[in-house]
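Novice: Read top to bottom, the protein sequences are chains A and X. The number in this note's numbering is simply the position in the first sequence, starting from 1, with 5 added. The number in this note's numbering is simply the position in the second sequence, starting from 1, with 11 added.
There's no promise every hint is true.
[As the list claims (entries may be wrong)] Lysine to any residue pairs mimicking SDA-like chemistry, simulated, CA-CA at most 25 Å apart:
#1 A:Lys-336 - X:Val-125
#2 X:Lys-261 - A:Ala-142
#3 A:Lys-363 - X:Gly-320
#4 A:Lys-336 - X:Asn-240
#5 A:Lys-179 - X:Asn-137
#6 X:Lys-259 - A:Gln-254
#7 A:Lys-196 - A:Leu-117
#8 A:Lys-331 - X:Thr-130
#9 A:Lys-363 - X:Lys-261
#10 A:Lys-264 - X:Leu-294
#11 A:Lys-374 - X:Thr-130
#12 A:Lys-363 - X:Ile-319
#13 X:Lys-138 - X:Ala-317
#14 A:Lys-179 - X:Leu-294
#15 X:Lys-261 - A:Phe-89
#16 A:Lys-363 - X:Asp-203
Don't read these hints as lab results, they were simulated from the structure.
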Amino acid sequence: MSKLKQKEDFLSGTLGVTLMSVLLGFVLGGVILLVAGFNPLEAYWVILKGIFSRPKYVSYVIIYSTPLIITGLSVAFALRTGLFNIGAEGQYIMGAVAAAAAGYYLKLPMVLHVLTAVGLAVLVAAVWGGLAGYFKARFGVNEVISTIMLNWTALYISNFMVTIDSFGRQGTGKTYAIMSSAQIDILGQWKRTPEGIAFLREHPMLWDILKSPVNLGFIFALLLAVLVWYILSKTTLGYELRAVGHNPQAAEAGGINVKRSMVVSMLIAGGLAGAAGAFQVLGVSHRIATLAIMEGYGFDGIAVSLIGNNSGFGCVFAGLLFGALKYGGSKIQDVMGAPTEVINIMIGIIIFFTAMPKLIRMILAYKKKRKST
Amino acid sequence: MEALLKDIAFIIGTTLMYSTPLIYAAIGGVITERSGIINIGLEGMMYFGAFVGAAVAYFTGDPWLGFFCAGLAGALLGLLHAVATVSFSAEQIVSGIAINFLGVGLALFISRLVFDGATQTLTVPNKIPLPLDFLFGEGRLFASSGFMDLVFNRFATVYLAFALVFVVWFLLYKTRLGMRLRAVGEHPEAADSLGISVFRIRYGAVIASGFLAGLGGAAMSIAVVSRFNNTLISGHGFIALAAMIFGKWKPQGALLACLIFGGAKGLEIFMGAKGVPIPSSLLATLPYILTIIILVGWVGRSQPPASIGRIFDKGEQ
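The following block holds chain A by itself, in its conformation from the complex (with noise of 0.2 Å):
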């Protein structure tokens, strides 16, 4: 009996709240395909076997995600202060173009190279935020507004850079590619070698896993998740922006700095989206090139921090998610020309529940009372 209560609190719980929409998401996602005219079953194949049949799949997943965490980190932490951090795309894109600069222009030993192109994309990035709290802390601006102007004023600096003569390659629309001391690549350099393609050919499943752009970035994520769940949950400073986030009137009675507050976390939210940029150029795309329109990354991130309830663990098993569907589902296009856009509505779907505890306890009581007359 009491094995069975601790069950049911587990299920009306967060995470049986969040496992649940995961589940509706996927089952109303499959309905659309089967209205659509496709066999929904079919298609989770497909995107489970494009996720998991090769260790190269494998490695794209973590691959997508690896930004998409970090962006989500970024986002959770300016919500729990109880600001809502648009801005990652912006602080995102701010923090790769000082990356891919810093990677090309700057002539610096291996490791020294990769920690300066960081420290510069997470500083830029960090001054992109954190003018969206100060804006907010001085003038009263709210942060919704400044950091969707700020996105936008991004994506043209961002372009206006690729335009640089020195820096980017004309009639290309890219810049050039970063020196080989600042990417971060697992064996990047060794893998085109002779040895290493002679060595590679014995070893298939390695050889498989390195034509993915493997990189460093992953690990980077993970611990940036724990340094997020310590800062917010160990420190002093994490306990101020909680409180600041949770009441912000009892916060300035109990002697919290409020204003102080709002900026920090935006420094701190953008220096960790301005990261998320930084890994990807330094470890996939080695380059920036002339954005269209905003790539997602960060408002990719707000879902990945909803979905996962704002928390730094919550935030990796989100973005392994969403990257794992972004990923396999793009496959269900070629093999079964089902609209890979499935997967954008899924993940709505799944927000679309996350939002609703009260009726995903509603139908688990429903459940229940089915079950007992």
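Given chain A, put chain X in place with the hints provided.
Specialist: The following block gives chain X in isolation, referenced to the frame of chain A:
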């Protein structure tokens, strides 16, 4: 003098063109947020509306039918948002973000099914008409491409947008319904105790805002341009959201904010066309930086409706 007048007319014309889609979505935002529900899903509603509007206009050849269906498409997403936020006490921002994913997902999903796997529609046969077109041209009241032509020969959606701003203003401030809606947004418990149905008002407001945002999307896809594609809306819903906050949750304020934004956009295009020696990508930051400067310098603190985002649950009182 003639040339200067024409330049001014050009800037006004582009201002109107860029502002119009934003105006629809922004006043939609005003209605829902005034009832106490945050609507961050404007982007998804515009996106879905833009697609449905262009698709219906393409298949039927009737732009007005497309325009109306775009509103319905937005309203459908509004209904979802209302179910979540009003009936099931959902976190309003979270539900709004979900609406954005759903709007984009549904538009592209259906587009791929209907338009042979493409994420864009084909060109519509008829765009929204220019109602005053008969006034301009050879032997008419005004010369073609003169000042009056550049400023006033605009799509019907432009005039409709201005009319709707007035209608929404009138509704909010001069009618009993509007007073109730604002009361619900400020203090739902008090409104409820006076016998106003918070539930019905909020449902109506959120669905109406979806309808307006959908119209805004179609004002883009079948008036400004003549087809929907996957980059058409990219961010306009968020700009409209910003305009609504910028305009301090008032229809006339939102209109002004949209015009300022569209004006900066017009200025940017004008300066680009005149060959001003600033790189075009830096010139493109003008509307955004200008908005921030205005916010920081003049507008400052904007106070949302008192009950915004707070869950109202009749049963739990």
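Novice: To test your reading of the hints: which numbers does this structure violate?
Specialist: As far as the earlier hints go, 5, 9, 10, 11 and 13 are violated by this structure, in ascending order.
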